[in-house]
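Asker: Quick note on UniProt numbering: the first sequence kicks off at 1 and runs consecutively.
Simulated from the structure, these hints should not be mistaken for lab results.
Check each hint, because a few of them may be wrong.
What the hints assert, rightly or not - Restricting the straight-line Cα-Cα distance to at most 30 Å, the calculated cross-link-like pairs of lysine-lysine (DSSO-like) are:
1) K46 with K20
2) K874 with K758
3) K228 with K399
4) K372 with K338
5) K361 with K642
6) K802 with K872
7) K533 with K483
8) K157 with K125
9) K480 with K399
10) K81 with K198
11) K843 with K831
12) K872 with K763
13) K140 with K15
14) K399 with K441
15) K735 with K758
16) K642 with K56
17) K170 with K140
18) K20 with K361
19) K763 with K861
20) K400 with K380
21) K642 with K20
22) K802 with K824
23) K872 with K843
24) K361 with K280
25) K200 with K128
26) K283 with K2
27) K2 with K280
28) K553 with K483
29) K355 with K380
30) K149 with K228
31) K56 with K372
What the hints assert, rightly or not - Label pairs and their calculated CB-CB ranges:
32) D286 with V616: 52 to 58 Å
33) S690 with E732: 27 to 33 Å
34) N278 with S690: 42 to 48 Å
35) N718 with T612: 23 to 29 Å
36) R427 with T612: 53 to 59 Å
37) V201 with R427: 41 to 47 Å
38) N718 with G673: 38 to 44 Å
39) E351 with N278: 20 to 26 Å
40) E197 with K455: 51 to 57 Å
These numbers come from a predicted model, not from an experiment.
All C-beta atoms in this analysis are idealised placements derived from N, C-alpha and C, irrespective of residue type, glycine included.
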Amino acid sequence: MKSQEIRAKFLEFFKEKSHKIVPSAPMVIKDDPTLMFTNAGMNQFKEFFLGNSVPKYNRVADTQKCLRVSGKHNDLEEVGKDTYHHTMFEMLGNWSFGDPARPAVGYFKAEAIAWAWEFLTEVCKIDKDSLYVTVFEGSKDADQLGQDKEALELWSKIVAKDRILFGNKKDNFWEMGDQGPCGPCSEIHVDIRSAEEKAKVSGAALVNQDHPQVVEIWNLVFMQYNRKANGQLEALPSRHVDTGMGFERLCMVMQGVQSNYDTDVFTPIIREIETITNTKYGKDEDINIAIRVIADHIRAVSFSIADGQLPSNTGAGYVIRRILRRAIRYGFTFLNTKEPFMFQLVKVLSETMGKSFPELKDQRQLIENVVKEEEHSFLKTLDQGLLLLDNIVAENKDKKIDGRKAFELYDTFGFPIDLTALILSERGYELDEKGFETAMKEQKDRSRSASEVSKEDWIVLAEDPQQEFVGYDNLETSVKIVKYRKVTSKKEGEQYQIVFNLTPFYPEGGGQVGDKGYLEAPNGDVVYILDTKKENNEIVHFAKNLPRNTGDKFKAVVDEKQRRRTECNHTATHLLHQALREILGTHVEQKGSAVHSKYLRFDFSHFAKLTTDELVAIESFVNARISNALPLEEQRNVPMEKALEQGAMALFGEKYGDAVRTIRFGQSIELCGGTHVRNTADIWHFRIRSEGAVAAGIRRIEAITSDAVKDFYSESNNTLMEIKELLNNSQEPVKALAALQEENLRLKKEVENLLKEKAKNLKGELLNELVEVNGIQFLAKKVDLDAAGIKDISFEMGQNRKDLFLLFASENDGKALLSCYISKELVAERKLNAGTIVRELGKYIQGGGGGQPFFATAGGKNPAGIAEVLEKAKAYIV
RNA sequence: GGGGGAUUAGCUCAGCUGGCUAGAGCGCUUGCCUGGCAGGCAAGAGGUCACCGGUUCGACUCCGGUAUUCUCCA
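Construct the entire structure; sequences and hints are all you get.
Answerer: Below you can see the structure in the form of structure tokens.
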């Protein structure tokens, strides 16, 4: 059965069991600071388990794209070395969100177990004799949990007793974190070894032993407890089912192969790698590893880019860059690829997976561009690093390379350490790995201490679970403090975080900055709010200090000027987005947005530099909508599906089932949580300040509106007036300037010629003044030239002469300058040294100096001494 | 957010501990030679050494700041 079919069968199976089939959530997570990427199927349903929100459907199934490259689950360095680790993989899952009020809609262990078994044995037709199941054995620790008898009984009805194994807490009790929902789980394992191997060792002995052919295929988690903050467990009022089945593994079993990489999920990519790099998979282990690495990583990277996460040098983008670079490096070392090649794999990938994940197809061009550009720049980095490494090796004497040097190569120049190690060992050098590790640790400690924030416990003043944002309608409201805490960081020093029962302050989000403002106590005391952010769905206000009586009622006031300016920029951003799609085409997608009070920044996918004509057209498109005075049409709490029907532009990052807010100005409709002007006329005017590239295939526009445009125009106008004034109020300043420039050029040339002439004359004069002393052409004289002029004329005079000794002095700004020139031949023959001469003569002008044996200068603050200097000069050659 | 590096001719880069009137290769212009695939020879043009400030007799070089960019860490 083909992988496409397996995926479809799974979804179809659960659809028939009254499950709502939902699309995969984005792999890149935008609004959870604790998680960069989706690493399990349940991520997008976390809030239902926590009870933060109520699910719309109680039974759900999907296939979820996951990435395990950071945090607790970090498989990156394992990928490729074996045949079953992946960075990106698909997780098939079915869920039941229990509802105590309507127990009938959900299900629990009985159904979950029966259906899992039915799907595997009847739909997939996996041989029952190769399956094993595990059941939680109970724990004797503080939790005092008993055996999961319910699951055991249910399994006993359908599986032979000797195929049911017991697992400990580590394998069979699942917890989301230190706190929250948890419960026992039952895993299904499959043994795909050959019959004779099975005869030798029973599969039961190999379950959970990391055997590549006896693998866990499906985990059924039964959430029935809640772990409280004090560590105790309590029964949950509503019980949930959370299951996850590795799609690639299921394919391996169904297709009768021994490795995930031999399934049709990967083989088309692997064939393509073989073709492009002219290698063969399966012959040489180093090459096999490299091919697996590349096949895996191109998937992770392509899906991330499609989700809007481009490789970059910070955060999640940096993780993506590292994955891509790891693949490039394996190709470079083991497949001998010295040119970008991975971008060519995107085509096959989008062909094989584009049906289930249309974003791959839609964004293929962008993905290819970005990957190719990254490959190109990393290959350059590698080239440069190889040269640097050569230098290090060449300078090395004892065949042992300093770990710090290797670290510098890695840290500063991005040259991979394992490549350094490989090359060194090939050349018979030893790498001081300890030194490297030490330097690495120092770097990590530095970073950590810099970003360290110490947070004190929340001081809770009032219980108020329903914090409300009223800032769409009010900029001022009466509030009470619900809780606060002190936070100390290196960067900001001591700050207080304050939460109110309700707030008019907009928290940073959707690209829009957080509001500023102040809090006024009844007695008139004021505390400034410096920033507003969202944390765990709570609006947190940042202040430098606390009000004196925290129990008071306060007047919370948003800085209106800044908020209004920000709103102008936010609405203009929507209009700009519309303009871009209208004028450049619908391939334009938002890739990033920053809305400040002073300006707006908008990143979008597009493949060429915008022409002046296009920029003008975009500006007028937006300005036309501003002068049309389009009113804001806002809808709050619209179901996502309905909003999409209306044609609202959805960005990546939104999840199914969310109630959303739509913002409409004329034909521009977007899902948006930000604040906007009441009417586009409020924006006054829109002006693009710059257009440029931020990455391959991504352009950035920066623009200003409203007051900022007024300031800009008045500044430009002032400058123009000043220019005009300087040009004697010329009616045609441009013409006048051009004429001036032309004249300037002509005069410059003229002056240059005159100076040349003058120098020639001066040179002639000075040459005439030379006197022969002791076989040397000698001159000591005060001249009216600056340092550069003296240098010039000295070297001019020195040309074609082997017997010249010059000592020039000059006076400038009350300071004296000496310079001494001696023909190189004289320096050698008579052991003269201009440097020492000038230093000795420097005494008379109260200064010091130096230089080279044939030309040196000295400066001093006593010009009166010049006469004496000129007198003493001759003494050096007699 | 923190650390390190880079910024010199149109391009790619040298320039060591401060002093060589700032260089190389490629490209460009001109002339001459030449039976080719990066043809040869010669001459020449092209530089605010990123920017601002400081130290110094003297700064491409040292120090501080800014900008841009690369890179590592979080």
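Asker: All hints are to be evaluated individually against the structure, with a verdict given for each.
Answerer: Each hint tested on the structure:
no., hint, verdict
1, K46 with K20, "17 Å, holds"
2, K874 with K758, "28 Å, holds"
3, K228 with K399, "58 Å, violated"
4, K372 with K338, "13 Å, holds"
5, K361 with K642, "25 Å, holds"
6, K802 with K872, "22 Å, holds"
7, K533 with K483, "15 Å, holds"
8, K157 with K125, "19 Å, holds"
9, K480 with K399, "70 Å, violated"
10, K81 with K198, "25 Å, holds"
11, K843 with K831, "22 Å, holds"
12, K872 with K763, "23 Å, holds"
13, K140 with K15, "40 Å, violated"
14, K399 with K441, "25 Å, holds"
15, K735 with K758, "34 Å, violated"
16, K642 with K56, "15 Å, holds"
17, K170 with K140, "13 Å, holds"
18, K20 with K361, "25 Å, holds"
19, K763 with K861, "28 Å, holds"
20, K400 with K380, "27 Å, holds"
21, K642 with K20, "17 Å, holds"
22, K802 with K824, "7 Å, holds"
23, K872 with K843, "12 Å, holds"
24, K361 with K280, "28 Å, holds"
25, K200 with K128, "19 Å, holds"
26, K283 with K2, "26 Å, holds"
27, K2 with K280, "23 Å, holds"
28, K553 with K483, "13 Å, holds"
29, K355 with K380, "35 Å, violated"
30, K149 with K228, "24 Å, holds"
31, K56 with K372, "42 Å, violated"
32, D286 with V616: 52 to 58 Å, "56 Å, holds"
33, S690 with E732: 27 to 33 Å, "29 Å, holds"
34, N278 with S690: 42 to 48 Å, "45 Å, holds"
35, N718 with T612: 23 to 29 Å, "25 Å, holds"
36, R427 with T612: 53 to 59 Å, "54 Å, holds"
37, V201 with R427: 41 to 47 Å, "45 Å, holds"
38, N718 with G673: 38 to 44 Å, "39 Å, holds"
39, E351 with N278: 20 to 26 Å, "22 Å, holds"
40, E197 with K455: 51 to 57 Å, "55 Å, holds"
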